[in-house]
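Novice: Here's the letter readout for the chains.
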Amino acid sequence: MNDIVLIGDGPLAKETSDVFTERGWNVWAMDQLDQPLSSSCAVVDTVTGPVEEKKRLLRRAVELVPNDAPIWTNTLHVTATQVASWVPHPERVGGFSPLMIKQMPLVEVGRPLQAEDDDVWARAVQLWRYVDKQVEVVGDEPGLVFPRTWAMLVNEAAFALTEGVAEADAIDLAMKKGTRFPMGPLEWADTIGVDQVVWILSGLVRELGEDRYRPAPLLRKMVYAGYTGRAAGRGFYRYDVDGKRQSSEISKVSI
Amino acid sequence: MTVDPIVRTAVVGAGTMGNGIAEVLATAGKRVVLVDVSPAALERGMQVIRDRLRRRVQKKRMTAEEMKQVLDRIESSVDLSAVAEAQLVIEAVVERLDVKKSLFSQLDEITDLEAILATNTSSLSVTAIASATKHPERVIGLHFFNPAPVMPLVEVVHGPMSEREVVDQAMAFVKEIGKDPVKVTDTPGFLVNRVARSFHSEAYRLVGDHVAEKRQVDRILRAAGFPMGPFELQDLIGLDINYAASCSVYEGYFHDPRFRPHPHQRQLVDSGSLGKKAGRGHYRYE
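From first to last, the protein sequence lines are chains A and B.
Counting from 1, position 233 in the first sequence corresponds to residue 233 in UniProt numbering; the numbering is continuous, with no gaps.
Counting from 1, position 87 in the second sequence corresponds to residue 87 in UniProt numbering; the numbering is continuous, with no gaps.
Next comes chain A alone, as it looks inside the complex:
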C-alpha cells in the first residue's frame, strides 16, 4: 500500500495527512483523482462534522478504491459500526482518533460490530503499523479514550468558567500547577478546536443518552460565534495572525 484517499480539511486532516506523507505515502484529496486508485490503497476519513456530509463523502471515496481497501474513519463523534453501515463490505471499516495523532506514538482504533469475526479487519489494522503507530484497540464508542477524557475535562472547565469559579487563565494555570496536566484545559481546547469538543460530547449524548455528556452552553455559543480556537484567531483567548496568544486582559470570553 502507498496511496491514501484523505477525506476532510482543517487541522485534523492536515495532521493526519502529515503522518502519512512523512513516511513516504501519497496522500490524495478526492478532487485530485480523476480515476479510481489501484489495489494498494486505503481511505482515511478525518471529518468530525454533520453525519450526512460525512456519509456523502465516504460513499464517494469508496468508489475510488477497490472493495477490499481498508477504510479508516474518524470516530470522535460517531461509532465505527454506524459508519460501516453506510458502505459495501463494512468489515473493512475501522474507527480511529485523529486527535493529536502526529504527537502521539499510538493510535486508538475501534472495531465495528460488522467486523466482529472477520480477519479482513485485522489486516486493515496493519495500515497503522506502516506509519509506526502502536495500535490500541478499544471499544467502539464515540470519542474512544483520550478524546472523550479530554472533552470531559474541557467541558468541566467551561462550566466552571461559566459559573465564575475562576477566570480562564486562572483555570489553565491551576490545572497545570495543581495536577501537572500538560496543558490547561481551555488553552488545550483552543489548540485542538472548541468545535471538536462539542462534536465529541454531542456524539456521546446521542449514543449513550446520558446527561453527564451534555456540552456546556458556553461551548455551543462559542461555536456559533466562530470562536473555535487558535486557528480561528479566537477561542477562550485571542490570537494574532501568527497564532500567538495576545495579552490576557482581553482574553476573557464574555459570558
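It is worth saying that the hints were derived from the structure and are not from the lab.
Do not take every clue at face value.
Cross-link-like lysine to any residue pairs, in silico, SDA-like; alpha carbons within 25 Å at most [as the list claims (entries may be wrong)]:
| id | chain 1 | residue 1 | chain 2 | residue 2 |
| --- | --- | --- | --- | --- |
| 1 | A | 244 | A | 173 |
| 2 | B | 68 | B | 51 |
| 3 | A | 177 | B | 68 |
| 4 | B | 214 | A | 49 |
| 5 | A | 133 | A | 177 |
| 6 | A | 177 | B | 101 |
| 7 | A | 133 | B | 175 |
| 8 | A | 177 | B | 113 |
| 9 | A | 177 | B | 42 |
| 10 | A | 14 | A | 173 |
| 11 | A | 177 | B | 168 |
| 12 | A | 244 | A | 202 |
| 13 | A | 102 | B | 214 |
| 14 | B | 175 | A | 164 |
| 15 | A | 102 | A | 34 |
| 16 | A | 176 | B | 250 |
| 17 | B | 134 | B | 167 |
| 18 | A | 176 | B | 113 |
| 19 | B | 214 | A | 125 |
| 20 | B | 101 | B | 250 |
| 21 | A | 176 | B | 152 |
| 22 | A | 176 | B | 43 |
| 23 | B | 277 | A | 125 |
| 24 | A | 177 | B | 250 |
| 25 | B | 101 | B | 8 |
| 26 | A | 102 | A | 67 |
| 27 | A | 14 | B | 134 |
| 28 | A | 244 | A | 68 |
| 29 | B | 214 | B | 175 |
| 30 | A | 133 | A | 3 |
| 31 | A | 177 | B | 185 |
| 32 | B | 59 | B | 95 |
| 33 | A | 176 | B | 247 |
| 34 | A | 177 | B | 178 |
| 35 | B | 101 | B | 113 |
| 36 | A | 177 | B | 228 |
| 37 | B | 175 | A | 179 |
Use these hints to put chain B onto chain A, whose structure you have.
Specialist: Just chain B now, kept in the frame of chain A:
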C-alpha cells in the same frame, strides 16, 4: 484591615498538610506557630519537618545553617492561644465541618481582628466555616496541595462574605512565599478537584463499560501527555481520598449526574484496595 506585611503566622493541626504548610512558611522566612492539641501529633509533625529538611541538606539543596534557621522560626505549642499574635492563621485540622466551625469560633476570639483566618479545607464550604465567626469577612480558604512543600499551587478561595482586601492580601502573600496563587470562588471542590473529577470518573466509566482496560487507559492518556494515567494516579493519591473528593463534589452539586461516582470506585474502597499505601489498588505493589 491590616496593611502590615505578614510575618507572624500560625498553623493549626500538625498532620500531613499542617506540617507541610508550616515548613513552607518557615522556609519562606515567616515565623510560624504550629499548634496541635495532641502532644504526640505535634511531636510527630515536627519530626516530619526535621526529617524533610535534613534530606534537603543531604541533597545539598540547603545548608545545615539554613536548616537551623528554618527550624528556629517554628515554635510548637499544644495551646491554641499561642496563635494570638499571628497575622495569618491557617487551619489544617481534620475534614469535619463541626470541628472546623468550633475551631474558627475560638480563633475569632483569640486573634487580633486584623488577622486573616484561613482554612486549608479541600472539600468543605469556606463560607460555612466562616459562618462560625463574628467576622466572616476575614475568613478565606488557602487550599494547599499535597505535598505542600512540593506542589506549587495554592487556591485562594473566597466566599460571598470574604472582603476583597483580605483576598488581595492573601494572593500577594502566597506569591511572596514562592507559590502560585489562583483566585477561586467558594464552590464544591473549588477548581482543581472539581475539574479533575472528569479525568477520574470518565476513566472508571470507560473501564466499567469495557471500552478499554485499565492499563490501556493509563497508557493512552500518558501518550497524550498526562504525566500519569488516572488509575496510576489514583493509586498514588489513595483511592479513599479520591473517592471522598468525588462524593463531596457530587453532594455539593446536589447529585448532578456529571459528578456521580462509579460503583466500581466504591467497591474498591470498600474492599480495602486503597492504592500504593495498601499494597494494592488498581494495581498491586511489592
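Novice: Just to be careful, I want the Cα atoms of residue 175(B) and residue 179(A) compared with a cutoff of 25 Å; is the pair within it?
Specialist: 19 Å, holds
Novice: Tell me if the straight-line CA distance from residue 244(A) to residue 202(A) falls inside 25 Å.
Specialist: 30 Å, violated
Novice: Are residue 214(B) and residue 175(B) close enough, with their CA atoms no more than 25 Å apart?
Specialist: Since the Cα atoms of residue 214(B) and residue 175(B) sit roughly 38 Å apart, the hinted pair is violated (cutoff 25 Å).
Novice: Decide if the proposed pair is consistent with the structure: residue 176(A) and residue 247(B), CA atoms, cutoff 25 Å inclusive.
Specialist: Given that 25 Å is the threshold and the Cα spacing comes to 23 Å, the pair holds.
Novice: Would the pair residue 14(A) and residue 134(B) pass a check requiring their Cα atoms to be no farther apart than 25 Å?
Specialist: 61 Å, violated
Novice: Just to be careful, I want the Cα atoms of residue 175(B) and residue 164(A) compared with a cutoff of 25 Å; is the pair within it?
Specialist: 22 Å, holds
Novice: For a C-alpha distance cap of 25 Å, please report whether residue 101(B) and residue 8(B) respect it.
Specialist: 23 Å, holds
Novice: So if I understand the rule, the pair passes when the alpha-carbon distance is 25 Å or less; does residue 177(A) with residue 168(B) pass?
Specialist: 20 Å, holds
Novice: Taken at face value, is the distance from the CA of residue 51(B) to the CA of residue 68(B) at most 25 Å?
Specialist: 12 Å, holds
Novice: Given the hinted pair residue 101(B) and residue 250(B), is their Cα-Cα distance within 25 Å?
Specialist: 22 Å, holds
Novice: Regarding the pair residue 14(A) and residue 173(A), is the alpha-carbon distance no greater than 25 Å?
Specialist: 29 Å, violated
Novice: So if I understand the rule, the pair passes when the alpha-carbon distance is 25 Å or less; does residue 133(A) with residue 177(A) pass?
Specialist: With a Cα-Cα distance of about 31 Å, the restraint between residue 133(A) and residue 177(A) is violated, given a limit of 25 Å.
Comparing the model with each numbered hint stated earlier shows that hints 3, 4, 5, 6, 7, 8, 9, 10, 12, 15, 18, 22, 23, 26, 27, 28, 29 and 32 do not hold.
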